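Asker: Please build the complete structure, drawing on both the sequences and the hints.
Residue 321 in our numbering sits at position 321 of the sequence shown; the count goes up by one each step and never skips.
Think of the hints as simulated: they come from the structure by calculation, not from any bench. Source: prediction; values computed, not measured. C-beta: ideal position from N, C-alpha, C; glycine also. One should not assume that every hint holds.
Label-pair distances were calculated between CB atoms; the ranges are [as the list claims (entries may be wrong)]:
| hint | residue 1 | residue 2 | range |
| --- | --- | --- | --- |
| 1 | A388 | A203 | 48 to 56 Å |
| 2 | R465 | E372 | 17 to 25 Å |
| 3 | G370 | V348 | 13 to 21 Å |
| 4 | K429 | R465 | 19 to 27 Å |
| 5 | Y384 | E417 | 25 to 33 Å |
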Amino acid sequence: MLTLKHTLPIPRILYPTSRSSQDKPTLIPRRQVTNSLSSSSSVTVPSRSLSLSNESTLSQEPETETAQPKNACPPNMCPLTPIDFLERAALVYGDCPSIVYHDTIHTWSETRARCLRLASSISSLGIARGNVVSVLAPNLPAMCELHFAVPMAGAILNTINLRLDSRSISNILLHAESKLVFVDSQSASLASEAVSMLPPGPARPVLILIRDEHCENYDHRYDGFHDLEYEDMVGRGDPSFDWVRPVSELDPISLNYTSGTTSSPKGVVSSHRGAFLVSLGSLLDWAVPARLVYLWTLPMFHANGWGYAWALAAVGGAGGGSVMLGYFKDSEGTSGCMKGGWLYTGDVGVVHEDGYLEVKDRSKDVIICGGENMSSVEVEAVLYGHPAVNEAAVVARPCAYWGETPCAFVSLKGVGEKPTEKDIRDYCKERLPRYMVPRKVVFKDELPKTSTGKLQKFLLREMARNFED
Numbered sequence: 001m002l003t004l005k006h007t008l009p010i011p012r013i014l015y016p017t018s019r020s021s022q023d024k025p026t027l028i029p030r031r032q033v034t035n036s037l038s039s040s041s042s043v044t045v046p047s048r049s050l051s052l053s054n055e056s057t058l059s060q061e062p063e064t065e066t067a068q069p070k071n072a073c074p075p076n077m078c079p080l081t082p083i084d085f086l087e088r089a090a091l092v093y094g095d096c097p098s099i100v101y102h103d104t105i106h107t108w109s110e111t112r113a114r115c116l117r118l119a120s121s122i123s124s125l126g127i128a129r130g131n132v133v134s135v136l137a138p139n140l141p142a143m144c145e146l147h148f149a150v151p152m153a154g155a156i157l158n159t160i161n162l163r164l165d166s167r168s169i170s171n172i173l174l175h176a177e178s179k180l181v182f183v184d185s186q187s188a189s190l191a192s193e194a195v196s197m198l199p200p201g202p203a204r205p206v207l208i209l210i211r212d213e214h215c216e217n218y219d220h221r222y223d224g225f226h227d228l229e230y231e232d233m234v235g236r237g238d239p240s241f242d243w244v245r246p247v248s249e250l251d252p253i254s255l256n257y258t259s260g261t262t263s264s265p266k267g268v269v270s271s272h273r274g275a276f277l278v279s280l281g282s283l284l285d286w287a288v289p290a291r292l293v294y295l296w297t298l299p300m301f302h303a304n305g306w307g308y309a310w311a312l313a314a315v316g317g318a319g320g321g322s323v324m325l326g327y328f329k330d331s332e333g334t335s336g337c338m339k340g341g342w343l344y345t346g347d348v349g350v351v352h353e354d355g356y357l358e359v360k361d362r363s364k365d366v367i368i369c370g371g372e373n374m375s376s377v378e379v380e381a382v383l384y385g386h387p388a389v390n391e392a393a394v395v396a397r398p399c400a401y402w403g404e405t406p407c408a409f410v411s412l413k414g415v416g417e418k419p420t421e422k423d424i425r426d427y428c429k430e431r432l433p434r435y436m437v438p439r440k441v442v443f444k445d446e447l448p449k450t451s452t453g454k455l456q457k458f459l460l461r462e463m464a465r466n467f468e469d
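Answerer: Set out below in structure tokens:
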């Protein structure tokens, strides 16, 4: 059983199974269908499907017919997918509670029926294999259901960080070419602004409102911004819907965007197989007992390993099934980090005599001064030891003589006497080899970070390149 934490009072979500990430995408055709849900007007989704190959982006594909049943599989073979966990939970724990949120309680059989109805309604909007469906919502029951319902429709789930600004969200929607966007009450204004920034044309996504009566800051000025409502889609869907199994277990199940620590955010693609294997791995690693009750506190939109509703607990590791398929619409970035089936993370480490592996730095952050390699992390560790330093980041600064020299960016604590650049350098001289002492120290009120709090060193490198000697 899984329990969920919202931004408001503590909600609870119960889950017996699973989560997360890995391998290699496919391109499958789809057709245009007119929405049959709306009684007053129809909503048409553009007929475009997602190609996750390294050569393609999104492509218009003609419909193809096949004599095979929709979910046909070879004998004794079925593609791995975490959606099967929901099927089993409904069969084995059908009467047990699956989701508890304030006064709302669903059983596993009810959750499965709701997910099937929702998947049916999503399909009726013309959404099929290869299409991207985005979600902008906190930890709500709907967020859990969408983790199952979207893949059940054959589509690819894209959960978006609520802490992003409207322009960043708009860029994600544009890059992913999202066909549907599910938005909760508190995110209505954010979604409305993001969609308004999209270029004009037929590619505007269909907006679906997830009403939350417990949301205290909903702005009713946005009552009419959406096209459909979540509960209407659940209510009008078909509970006997024959959900769309992946053709290959390497079919994409999710598309998530990085926070952009080294460059602009990248779309990371994960597979059904990866999600299935990491889910099972997490259950084994955490020795999860039967009928577990889990309070979900981590944001579910943070889906790069920890926040998926498919898993019971955070996954402690980045190997095996959790390895991504590649970067969406970025063949150069994918080929640069994935070779021969291996993901090259760019981390640089040292294996000690006792077998302990110590990660020293990222290769792109290593500073080469006069032919000597130095770890920016080691210099930062010394800077953090200064009693007045609040934040520290060290990057390479071009130098005509040495090639590169360390440049430190520092933010200070708001207490006591402020140190000077000389004070910081003298402090480092007592603790570091001479060549590792920062040649320049820059004081800033705050260092640039991503929406998830990670330092954006690529911005600091740009600043360092522009400093005069």
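Asker: With reference to the structure, classify each hint as holding or not holding.
Answerer: Consistency of the hints with the structure:
1. About 51 Å separates the C-beta atoms of A388 and A203, a value consistent with the hinted range of 48 to 56 Å.
2. For R465 and E372, the hinted distance range of 17 to 25 Å is satisfied, since their beta carbons lie about 20 Å from each other.
3. A beta carbon spacing of about 19 Å between G370 and V348 agrees with the range 13 to 21 Å that was offered as a hint.
4. Checking the proposed 19 to 27 Å range against K429 and R465 shows it holds: the Cβ atoms sit about 25 Å from each other.
5. Range check, Y384 to E417: about 19 Å between beta-carbon atoms, so the 25 to 33 Å window is missed.
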